[in-house]
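There are 4 protein chains.
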Amino acid sequence: MIIIMKPNADETAINHIVATIENKGLIAHLSKGAEVTIIGVIGDKTKLLDANLEIAPGVDRVVAVTESYKLSNRKFHPDNSIVSVGNTVVGPNNLTIMAGPCAIENEEQLMQTAIAVKKAGANVLRGGAYKPRTSPYSFQGLEEYGLKLMDQARKETGLSIVCEVTSHRAIEAAVKYVDMLQIGARNMQNFELLKEAGKSGVPVLLKRGIAATIDEWLNAAEYIIAEGNNNVVLCERGIRTYETATRNTLDMSAVPVIKSKSHLPIIVDPSHATGVRDYVAPLAKGAIATGADGLMIEVHPCPECALSDGPQSLTFEQFEQLCNELKPYANLAGRIF
Amino acid sequence: MIIIMKPNADETAINHIVATIENKGLIAHLSKGAEVTIIGVIGDKTKLLDANLEIAPGVDRVVAVTESYKLSNRKFHPDNSIVSVGNTVVGPNNLTIMAGPCAIENEEQLMQTAIAVKKAGANVLRGGAYKPRTSPYSFQGLEEYGLKLMDQARKETGLSIVCEVTSHRAIEAAVKYVDMLQIGARNMQNFELLKEAGKSGVPVLLKRGIAATIDEWLNAAEYIIAEGNNNVVLCERGIRTYETATRNTLDMSAVPVIKSKSHLPIIVDPSHATGVRDYVAPLAKGAIATGADGLMIEVHPCPECALSDGPQSLTFEQFEQLCNELKPYANLAGRIF
Amino acid sequence: MIIIMKPNADETAINHIVATIENKGLIAHLSKGAEVTIIGVIGDKTKLLDANLEIAPGVDRVVAVTESYKLSNRKFHPDNSIVSVGNTVVGPNNLTIMAGPCAIENEEQLMQTAIAVKKAGANVLRGGAYKPRTSPYSFQGLEEYGLKLMDQARKETGLSIVCEVTSHRAIEAAVKYVDMLQIGARNMQNFELLKEAGKSGVPVLLKRGIAATIDEWLNAAEYIIAEGNNNVVLCERGIRTYETATRNTLDMSAVPVIKSKSHLPIIVDPSHATGVRDYVAPLAKGAIATGADGLMIEVHPCPECALSDGPQSLTFEQFEQLCNELKPYANLAGRIF
Amino acid sequence: MIIIMKPNADETAINHIVATIENKGLIAHLSKGAEVTIIGVIGDKTKLLDANLEIAPGVDRVVAVTESYKLSNRKFHPDNSIVSVGNTVVGPNNLTIMAGPCAIENEEQLMQTAIAVKKAGANVLRGGAYKPRTSPYSFQGLEEYGLKLMDQARKETGLSIVCEVTSHRAIEAAVKYVDMLQIGARNMQNFELLKEAGKSGVPVLLKRGIAATIDEWLNAAEYIIAEGNNNVVLCERGIRTYETATRNTLDMSAVPVIKSKSHLPIIVDPSHATGVRDYVAPLAKGAIATGADGLMIEVHPCPECALSDGPQSLTFEQFEQLCNELKPYANLAGRIF
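Residue numbers (our numbering), protein chains in the order written: chain A, 552 to 888; chain B, 552 to 888; chain C, 552 to 888; chain D, 552 to 888.
Source of the hints: derived by calculation from the structure; they are not laboratory data. Glycine included, every Cβ here is placed at the ideal spot set by N, Cα and C. It cannot be assumed that every hint is accurate.
[As the list claims (entries may be wrong)] Under the rule of at most 20 Å between Cα atoms (straight-line distance), these lysine-lysine pairs were calculated in the PhoX-like manner:
#	chain 1	residue 1	chain 2	residue 2
1	C	Lys878	B	Lys878
2	A	Lys557	C	Lys621
3	D	Lys706	D	Lys670
4	B	Lys557	B	Lys583
5	D	Lys670	B	Lys583
6	A	Lys598	A	Lys621
7	C	Lys878	A	Lys621
8	B	Lys583	D	Lys583
9	C	Lys727	C	Lys746
10	D	Lys575	D	Lys598
11	D	Lys621	D	Lys812
12	A	Lys583	C	Lys598
13	A	Lys878	D	Lys878
14	B	Lys557	D	Lys621
15	D	Lys878	D	Lys670
16	B	Lys583	D	Lys626
17	B	Lys557	D	Lys626
18	D	Lys557	B	Lys812
19	B	Lys621	D	Lys557
20	C	Lys575	A	Lys583
21	D	Lys621	B	Lys626
22	C	Lys670	C	Lys812
23	C	Lys626	A	Lys583
24	C	Lys583	A	Lys598
25	C	Lys746	C	Lys621
26	C	Lys699	C	Lys669
27	D	Lys575	B	Lys583
28	A	Lys557	C	Lys669
29	A	Lys727	A	Lys699
30	C	Lys621	C	Lys669
[Stated by the list, open to error] Okay, the calculated bits of chain D under chain B, using three or more residues with CB under 8 Å as the criterion:
#	segment
31	552-565
32	587-594
33	616-629
34	781-793
[Said to hold, decoys possible] Cβ-Cβ distance ranges computed for the label pairs, FRET-style:
#	chain 1	residue 1	chain 2	residue 2	range
35	C	Thr795	B	Lys575	20 to 30 Å
36	C	Pro608	A	Lys575	28 to 38 Å
37	B	Lys575	D	Asp561	28 to 38 Å
38	D	Asp829	C	Asp630	44 to 54 Å
39	C	Arg612	A	Glu562	24 to 34 Å
40	B	Lys583	C	Thr795	53 to 63 Å
Starting from the given sequences, assemble the full structure and let the hints guide the process.
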């Protein structure tokens, strides 16, 4: 941590900062320049987390030197993590495809989709049983009955399954059925939910918040890992910007940024990122070439009839064709698919 | 709802849309232009909510004509709402000042602050007992003990009290003590929490999400009101933009926009919006002149010692001076303060 | 300037940075912490502007300590600037109202408007002769004929006049007629235009770029002042965000931020910021209460017939009423109007 | 164009709109719903461009049905455009690599770079002679002498050359030397410059504005094409968002969106988009897999010594390795490289 003093900060102000630092058992290192004095802090800076040095007299700015996340930080864990999800793994040598409907609507819709995505090459079945919807008047999900259908689909196809959880109650139900809990974008900073997902011990797919920075995202992962659950996979799903040609703006740079800052695997969801079916295939290829560990893609037997997010869902035929087109890209990126 | 067809949409595509609309018991109204055909829908459009007309063959775009929120919409409730909070009201003729520390730290800190803000003119005491923090290693709040201190402060000062709730568990505890529940920015689309706050019947202060549109915000209010709880006050607290000179960008336009679209009261929080103490006073005056129904302001006996958000907190003296400066602005805006 | 080294930076890397700094005649100040080494630079850091220390081996980050703008910086010019514009001044004790049509359309429209805004209390007449339009098929302005009409309006009413310039050619024409050149949002980083406006010696109204940070804005002002032209007034006109309820998001915080960082006057344009007539009056009041030195407001004899930006223009009656409502706010803010 | 009336709009208001439309020689088509009346306009809507129907009494909203750009619109030009640049072409079967230094510094730097990028496989040499810099105190470019060096590099290597132009004066000089003019992000809505670039007849590389929507970008291209110059190539270079881990946020979705809306080629600049050398290679691969027609990449003999944008520049070795890695991706995407 570095404290930059204002040009007019006097000795009293500087001495006050030095004393505050030393009172916490840390070392203050002064650097007096022509214009300003800079004070470096040596030692465990977490002791200063709540010291509010920003507003001490004479202080201009405080600059953090180290990140606040530790367990998700590549600096302290240089090797790529591998996360087991049911009978598959997400990680450096695999390409993981999670596919399925946005919302589980009924047994037929889910079973048909599970069989189709399995046949095309997916490893994990996705399906929403608890749906966070902007309007209270939209379809809200089948809840535990949906989870049971997912369990049945797993038994019939051998796919691993992932379901979003939106509350304490949903986690309690989901842990009985699923291989992976999904925390959605709107709940990325629902810290109570993160802690409970951490305590469950079940692998977690953590979607990036609608306007979350990468630092906030890794701090959210930290909440889960701090509860003893290392099995976290990140999912880039687009961020909110001024551009309206796509529903969100897919931040493809997040892939190399995460690879640089963290050891956690990262997958990309081009369906939610764009909201437009025609843009899913090109961005799916782009994500693999950029280094993503996998993809999450919405598939529906009849997108036009879907109860949620139909416009971005692929038909079975489109999904199968996409998987075929992805294979050479996966190979080129050194991944098994 | 209006469906705009693509220039090359043929009769089959147009007839398919018309049939879909009519099958729901609605009327389709065709308008064939030189370039494109447009289809208007007459009747209760909620029947088409999940029809996915966007991806039917030949469709270019679907344009919503009416908002998805009803109960929070001024169109169906032209008069301004008044919300009672303990022994005060938030609404058109009052200026409500909610003030207090970001986090409740101990009895002395809270009681001193309560007495000071009461003396300066505040109506409501704010104080965080359940703190959503970006890092799991930051101070997380005193929880139920904090609520008890708030209750004690109310008894000593006569101020009404508002506390943030971040989970089912926190709501269960808070309803025993507080006059108003606060839903924070990070939980604005935690729909389970919104429903529970709605069911509690306790007045709710609903902060705008970090990157929420005004439409999403009013839909979040709709979740609360749809449970039978009309006592919702909105709080603008800044939105996330590219600008870094302030912590968030205070969207002052939200005040007249909300006044135009909704009957709910709106207050402004310049402390969280800017994160900088020096900017609180000018923006507090600006908010009143723009038409806000009140303010939320952080006050701390020793901002430099605060466990959370010290840099934006006012001292007792600064807060008292601000209240004195605000009085003529409140009068000019036709509000009692 | 502070250079933060990576945790694993070795002696060679550190010595290389120190040598680079010392070769420029500056002093390097080392601070070796438990985790990282930090190097402070003492002396004139402009010598290191192009040294690219960010990518030297072992460097994690470079943190700037001082702003790159000097002439527009309050640190080196503590008193508020006053800018003369024709026979009026923009500055701390005055409230300046610039009003008029978005685009000059014909003599009758301009003269009527000039007389009306003068009568209501405006000090400066605005009117666009060179219009930057998103589409090449929209009305592009009357060019020099428009400037002549502005000159005529000045003679008839005594108002000072301001016109936007969009090119070298436009500046050459405008300096013959106007009291103030306006650089629009789209040209805020058209550095050639800024330099020419600086060289002209004519006062400049510098609108904030559509997505410009406050630092970039003050650097743009620096381009003008560096040519010897100190007469710069800033104009906040909304920034681009994800919110669509208003055309742009008025960043009201820019007023106190600019007052804190710079000595230049700042006015607010609620017409362009919101794009909606009904939101102009509340935000105009809010801007004055927040501390703005003035307002820019669009007025048109028949907004419905306007060739540009009609939806946000006030009628003469609306403008007169607004001016009457603004007077007590101006008085309260200690300004003459 | 569709006009949506307010729920309470009366017959007078509706008749006024119908009359306005019919007075322009267009046909108005009424659709009276239970809640609102909708009026469709049939005929050439450009006649209504300046009618300001938004603010006519009783109007709620006006919805545009067709885009304002025509010449850059794929609807009216279904085949992909091919743009010749010197002795190479940008378009559907080629992968174009534009590489070189951000700023031309001297003969040696430029010639070495030209030879190195040619050897590695680049088709076009980039180099800045007129530099738009945020601060007036940063290096501003060699101007015409830089253009002469570029011309010399072309003669020695056979590479085509592209240079940014920032003013009328720069265009006058550049057309004597270059194969392609570059309009930078800050000038994307400098409409005078766009018109002059259009009139020059020289191919234009049009970078996306810092916060430009795709619609605004295609309208900017329209300004160039409307002057009779069809040779426009678009360049995605990142947009401004709240995320700070990269300098800008590379909007990879822009590639399929542009391919869908326009016939113009599009290339991607991962160097400026991220500002970080380590992120260039993964995003370059991703861009090709997503369907980009080419890349623009910064290369410098000694990035650490660069006068501009060193942190994002590749060394010769890094660039050669990247080109080798890109080849199989180009082949997979069906492009010659």
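Hint check results:
A hinted pair counts as satisfied when its Cα atoms are at most 20 Å apart, and C:Lys878 with B:Lys878 qualifies at roughly 17 Å. Taken as a hint, the A:Lys557 and C:Lys621 pair is honoured in the structure, with Cα atoms around 16 Å apart against an allowance of 20 Å. Taking the CA atoms of D:Lys706 and D:Lys670, the gap is near 15 Å; set against the 20 Å cutoff, the hint holds. In summary, the hint linking B:Lys557 to B:Lys583 is supported, as the alpha carbons are separated by about 12 Å, within the 20 Å threshold.
Annotation: proposed proximity of D:Lys670 to B:Lys583 is violated, straight-line Cα distance about 58 Å (limit 20 Å). Between A:Lys598 and A:Lys621, the direct Cα distance comes to roughly 15 Å. Compliance with the 20 Å bound is thereby established for this hinted pair. A hinted pair counts as satisfied when its Cα atoms are at most 20 Å apart, and C:Lys878 with A:Lys621 does not qualify at roughly 56 Å. At roughly 16 Å between alpha-carbon atoms, B:Lys583 and D:Lys583 fall within 20 Å of each other, so this suggested pair holds.
Distance hint between C:Lys727 and C:Lys746 is fulfilled; the C-alpha atoms sit about 18 Å from each other, no more than 20 Å. For a cut-off of 20 Å, the pair hint linking D:Lys575 to D:Lys598 stands: about 7 Å separates their Cα positions. Our distance criterion of 20 Å between C-alpha atoms is met by D:Lys621 and D:Lys812, whose separation comes to about 10 Å. The straight-line distance between the Cα atoms of A:Lys583 and C:Lys598 is roughly 19 Å, inside the 20 Å bound, and the hint therefore holds.
A distance of roughly 17 Å separates the Cα atoms of A:Lys878 and D:Lys878; the hinted pair therefore holds under the 20 Å criterion. Taking the CA atoms of B:Lys557 and D:Lys621, the gap is about 16 Å. The hint holds against a cut of 20 Å. For the suggested pair D:Lys878 and D:Lys670, the alpha carbons sit about 14 Å apart, so the restraint of at most 20 Å is met. Taking the CA atoms of B:Lys583 and D:Lys626, the gap is near 19 Å; set against the 20 Å cutoff, the hint holds.
Taking the CA atoms of B:Lys557 and D:Lys626, the gap is about 10 Å. The hint holds against a cut of 20 Å. A threshold of 20 Å between alpha carbons decides the hint, and for D:Lys557 with B:Lys812 the separation of about 13 Å falls inside it, so the pair holds. Between B:Lys621 and D:Lys557 the CA atoms are separated by roughly 16 Å; this keeps the pair inside 20 Å, and the hint holds. For the given pair, C:Lys575 sits about 19 Å from A:Lys583 by alpha-carbon distance, which is consistent with the 20 Å threshold.
Proximity of D:Lys621 to B:Lys626 is assessed by CA-CA distance (about 38 Å); at most 20 Å being required, the pair is judged violated. Distance check on the hinted pair: C:Lys670 and C:Lys812 sit about 35 Å apart at the alpha-carbon level, beyond 20 Å; violated. As the CA atoms of C:Lys626 and A:Lys583 are separated by approximately 19 Å, the hinted pair is consistent with the 20 Å bound. Of the supplied pair hints, the one linking C:Lys583 and A:Lys598 holds, its CA atoms being roughly 19 Å apart against a limit of 20 Å.
Simply put, C:Lys746 and C:Lys621 have alpha-carbon atoms about 16 Å apart, close enough for the 20 Å limit, and the pair holds. Between C:Lys699 and C:Lys669 the alpha-carbon distance is near 19 Å, which keeps this suggested pair within the 20 Å criterion. Taking the CA atoms of D:Lys575 and B:Lys583, the gap is about 19 Å. The hint holds against a cut of 20 Å. A hinted pair counts as satisfied when its Cα atoms are at most 20 Å apart, and A:Lys557 with C:Lys669 does not qualify at roughly 45 Å.
For the given pair, A:Lys727 sits about 9 Å from A:Lys699 by alpha-carbon distance, which is consistent with the 20 Å threshold. A threshold of 20 Å between alpha carbons decides the hint, and for C:Lys621 with C:Lys669 the separation of about 37 Å lies outside it, so the pair is violated. By the rule of at least three residues with a Cβ nearer than 8 Å to a Cβ of chain B, the coverage given for the segment 552-565 of chain D holds, with 3 such residues. Closer than 8 Å: that is the beta-carbon criterion, and the segment 587-594 of chain D has 6 residues meeting it against chain B, so the requirement of 3 holds.
Residues of the segment 616-629 of chain D lying with their CB closer than 8 Å to a CB of chain B number 3, which satisfies the three-residue condition for coverage. For the segment 781-793 of chain D, the stated coverage by chain B holds: 3 residues have a C-beta nearer than 8 Å to a C-beta of that chain, and at least 3 were required. Distance hint for C:Thr795 and B:Lys575: a CB-CB separation of about 28 Å, consistent with the stated range 20 to 30 Å. In this structure the supplied range 28 to 38 Å holds for C:Pro608 paired with A:Lys575, their Cβ-Cβ distance being about 33 Å.
At roughly 30 Å, the beta-carbon separation of B:Lys575 and D:Asp561 lies within the given 28 to 38 Å, and the hint holds. Between D:Asp829 and C:Asp630 the beta carbon distance is about 47 Å. The supplied range of 44 to 54 Å therefore holds. Judged by the Cβ atoms, the range 24 to 34 Å given for C:Arg612 and A:Glu562 holds: they are separated by roughly 29 Å. In this structure the hint that B:Lys583 and C:Thr795 lie 53 to 63 Å apart at CB is violated, the actual value being about 30 Å.
Hint compliance for this structure: hints 5, 7, 21, 22, 28, 30, 40 are broken, all remaining hints hold.
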